[in-house]
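K.L.:
FYI, this note's numbering numbers position 20 of the sequence shown as 20, with every residue one higher than the one before it.
Please note that a few of the clues may not be correct.
Label-pair restraints from in silico Cβ distances [claimed, not checked]:
| no. | residue 1 | residue 2 | range |
| --- | --- | --- | --- |
| 1 | Leu-30 | Leu-2 | 16 to 26 Å |
| 2 | Asn-8 | Ser-42 | 15 to 25 Å |
| 3 | Lys-17 | Asn-62 | 40 to 50 Å |
| 4 | Thr-64 | Glu-32 | 23 to 33 Å |
| 5 | Asp-20 | Ser-53 | 44 to 54 Å |
| 6 | Asp-46 | Asn-8 | 17 to 27 Å |
| 7 | Ile-60 | Ile-12 | 21 to 31 Å |
Don't read these hints as lab results, they were simulated from the structure. Heads up, the beta-carbon is just placed ideally off N, CA and C, and yes, glycines get one too.
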Amino acid sequence: HLTYEFENYYAISPSIKFVDKDNDFSINALGEKGQKVKDGFSYSSDNNPLWASEKELLEIINHTEGF
Numbered sequence: 001h002l003t004y005e006f007e008n009y010y011a012i013s014p015s016i017k018f019v020d021k022d023n024d025f026s027i028n029a030l031g032e033k034g035q036k037v038k039d040g041f042s043y044s045s046d047n048n049p050l051w052a053s054e055k056e057l058l059e060i061i062n063h064t065e066g067f
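Please build the complete structure, drawing on both the sequences and the hints.
P.N.:
Here it is, written out as structure tokens:
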């Protein structure tokens, strides 16, 4: 598996090995450990249980204006 589930996101490790480093993509910069996803895992918007409301989307847009 190349995909790890963290509390708020998924991380996909590269399928290649880096010659000069032994990177462990299951641990993030904060030292939090991700869990490998189950066989057959698929992330897509139609099976995502978290949906933003119109109000939440507008708040995000208004907060990011000017960046």
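K.L.:
Please test the hint of 23 to 33 Å on the beta carbon pair from Thr-64 and Glu-32.
P.N.:
Holds - the Cβ-Cβ distance for Thr-64 and Glu-32, about 25 Å, lies within 23 to 33 Å.
K.L.:
Measuring from beta carbon to beta carbon, are Leu-30 and Leu-2 in 16 to 26 Å?
P.N.:
Distance hint for Leu-30, Leu-2 holds at roughly 21 Å.
K.L.:
Taking the CB of Asp-46 and the CB of Asn-8, does the distance hold inside 17 to 27 Å?
P.N.:
With Cβ atoms ~20 Å apart, the hint holds.
K.L.:
Is it true that Asn-8 and Ser-42 lie within 15 to 25 Å of each other by Cβ?
P.N.:
With a Cβ separation near 19 Å, Asn-8 and Ser-42 satisfy 15 to 25 Å, so the hint holds.
K.L.:
Against the range 44 to 54 Å, how does the distance between the Cβ atoms of Asp-20 and Ser-53 compare: consistent or not?
P.N.:
Since the Cβ atoms of Asp-20 and Ser-53 sit about 46 Å apart, the hinted range of 44 to 54 Å holds.
K.L.:
Kindly confirm whether 21 to 31 Å is satisfied by the beta carbon distance between Ile-60 and Ile-12.
P.N.:
Holds - the Cβ-Cβ distance for Ile-60 and Ile-12, about 24 Å, lies within 21 to 31 Å.
K.L.:
Do the Cβ positions of Lys-17 and Asn-62 conform to the proposed distance bound of 40 to 50 Å?
P.N.:
Hint holds: Cβ distance 44 Å, inside 40 to 50 Å.
Hint compliance for this structure: every hint is met.
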